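Assemble the whole structure, with the sequences as input and the hints as a guide.
Protein sequences appear in the order of chains A and V. Under our numbering, residue 85 is the last one in the first sequence; the count climbs by one each step, no gaps. Under our numbering, residue 188 is the last one in the second sequence; the count climbs by one each step, no gaps.
Worth flagging that the hints you see were computed from the coordinates, not collected in a lab. The structure presented is a predicted model; accordingly, all values stated were derived computationally and were not measured. Accuracy of the hints is not assured; some may be wrong.
Label-pair restraints from in silico Cβ distances [claimed, not checked]: (1) 74/A with 67/V: 28 to 34 angstroms; (2) 16/V with 47/A: 18 to 24 angstroms; (3) 67/V with 77/A: 49 to 55 angstroms; (4) 178/V with 17/A: 20 to 26 angstroms; (5) 18/A with 167/V: 53 to 59 angstroms; (6) 70/A with 11/V: 40 to 46 angstroms; (7) 157/V with 47/A: 21 to 27 angstroms; (8) 174/V with 38/A: 45 to 51 angstroms; (9) 18/V with 66/A: 52 to 58 angstroms.
These stretches of chain A come out as covered by chain V in the derived footprint (C-beta under 8 angstroms, 3 or more residues) [to be verified]: (10) 12 to 20; (11) 23 to 29.
Cross-link-like lysine to any residue pairs, in silico, SDA-like; alpha carbons within 20 angstroms at most [as the list claims (entries may be wrong)]: (12) 148/V with 11/A; (13) 35/A with 15/V; (14) 59/V with 11/A.
We treat Cβ as the ideally placed atom computed from N, Cα and C, and that holds for glycine.
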Amino acid sequence: MTPIDDDPLLDKLRTLPRPKLDAPRRAATLRAAEKALATRTPPPRRWPELALASVLVASAMLYAVQSMGQIGRIYGPNVVASADR
Amino acid sequence: MTPPDDRMLVARLREGDAAALRAVYERFADRIFGFLLRLTGRRDVAEDLHQETWLSVSKHAGRLAEDTDLAAWLFTIARNKHRSWRRWAALDFTRFGTDLFASEPPSPAASASDARDDLAALEAALTSLPAAHREVLLLVGVEGLEGKQAADVLGIQPEAFRQRLSRARAALADKLERDERRGAAVVR
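Here it is as structure tokens:
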């Protein structure tokens, strides 16, 4: 993606010392994370919002179809022909 | 591309497997901490953000996609924690008493007395860069993330990433050169 593998400056950055967490803090963070993993709540159910979205989409489609029908009735070819007569 | 081991770990994390969390923690804890320490410049803040990062990992593990790139995901969470902290710190008026953005040396190597040392000079130059430059250099240079992973972490397109990396690299090289010239002038 980028010529980052043969860049001496970036290579030099890789040699910087790695700071480390002290052991008690490291262990405490892991304990807290494990506890959070054990007590996590399941992801919220999506079906109520999906149902609402489906109803809205269906209503919009019905409205669009009815509107097209209405426009067809007003400006359709039969109406134009009868107006000419 | 996600390595097969990572796929397995992601699958186990999704199921809430504590052993998988420990394995991921073992692999990434120090890297994430180092990233945060060099971003914030403060050990106390980095420790807090590190803990918040791992709590978020546990909290959101169940919603991971199967093909999640672990490294990119973890560094994204850490970066977001840092951004939130910066936003909060910018609004915190108590900073007029104690400067929240004031960096302490990230490692003993960055202290002025060791400035002649190559790595110390590099560390000091990195610390002096703006956050946007520092984070891209940390991700690619220090952490060795691939271009796509780093672009994902930063939430930018590959082309924008290339430009940002190029600008950051030039800024770092420029800073190092200026420091070197200043050092040479002092010696003379």
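Satisfaction of the hinted span 40 to 46 angstroms by the C-beta atoms belonging to residue 70/A and residue 11/V: violated, 53 angstroms
Given hint residue 11/A paired with residue 59/V - CA-CA distance at most 20 angstroms: violated, 35 angstroms
Pairwise hint evaluation, residue 15/V against residue 35/A, where the allowed Cα distance is 20 angstroms at most: This hinted pair holds, its Cα atoms lying about 15 angstroms apart.
Beta-carbon spacing of residue 67/V to residue 77/A - inside the hinted bounds 49 to 55 angstroms or not: Since residue 67/V and residue 77/A have Cβ atoms about 54 angstroms apart, the given range 49 to 55 angstroms holds.
Range hint 21 to 27 angstroms (beta carbons of residue 157/V and residue 47/A) holds or violated: violated, 35 angstroms
Straight-line alpha-carbon gap residue 148/V to residue 11/A, limit 20 angstroms: holds, 18 angstroms
Pairwise beta carbon distance, residue 174/V to residue 38/A, judged against the given window 45 to 51 angstroms: holds, 50 angstroms
Range hint 52 to 58 angstroms (beta carbons of residue 18/V and residue 66/A) holds or violated: The hinted range 52 to 58 angstroms holds for residue 18/V and residue 66/A, with Cβ atoms some 56 angstroms apart.
Chain V over the segment 23 to 29 of chain A, status - at least 3 residues with CB closer than 8 angstroms: Coverage by chain V holds here, the residue count being 4 at a Cβ distance below 8 angstroms.
Cβ distance range 20 to 26 angstroms for residue 178/V and residue 17/A, holds or violated: holds, 23 angstroms
Satisfaction of the hinted span 53 to 59 angstroms by the C-beta atoms belonging to residue 18/A and residue 167/V: violated, 26 angstroms
Coverage claim, chain V over the segment 12 to 20 of chain A, checked by counting residues with Cβ within 8 angstroms (three needed): holds (count 9)
Consistency with the previously given hints fails for numbers 1, 5, 6, 7, 14, ordered from lowest to highest.
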